[in-house]
Amino acid sequence: MASRSRLRRSFTVESSRVTRHSVDSVLDLLLSPATWPRWQPEIVSVSGPEKLAVGDVVEGRARMLGFDVDGRSTTVGIDAHDFEEDVIVGVRMRVSYRVEPSDQGSIVTRKLVAELPGGFAGRVLSLLLRPRLRAMQKEVLDALARAS
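Residue numbers (the working numbering): 1 to 148.
Since the hints were made in silico from the structure, they are not lab data.
Among these hints, one or two may not hold up.
Claimed, not checked - Cut-off 30 Å, straight-line C-alpha distance, at most; resulting in silico cross-link-like pairs (BS3-like, lysine-lysine):
#1 Lys111 x Lys51
#2 Lys111 x Lys138
#3 Lys138 x Lys51
Build out the structure end to end from the sequences listed, making use of the hints.
Below, the structure is given as structure tokens:
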């Protein structure tokens, strides 16, 4: 029963963008926390290594639904085309990026899986959070494609 309840609280959004930039250029941005505020609208500030490796932690501040919150990202996977992180910014999210070459440069696919809060207050918050996470998905991919 607990796993069924957990599934109902999970929210997933996945989408892709074509960018004129190379796979390496996009991955450089993903793996360089200092660049994150440039292409992730919610991020206000970050502190972490210059270039990420598996197990690295980045801490910072973000603005979610009008509130300033502390955030933390732990890198859980990196390879030639992928970056995956476990993020806690008010809610826990697993965010992954896949960057594949294309004739125009590269295709960036971002998948976000959020564990939304339970209970009555959590359901109300989730009503606000779902549309914000969808909008954030679009904004992040558009800004990442421009910034690469």
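Against the structure, the hints come out as follows:
1. Lys111 x Lys51: 21 Å, holds
2. Lys111 x Lys138: Roughly 11 Å separates the two Cα atoms, so the pair holds.
3. Lys138 x Lys51: 25 Å, holds
Against the hints set out earlier in the document, no violation occurs for any number.
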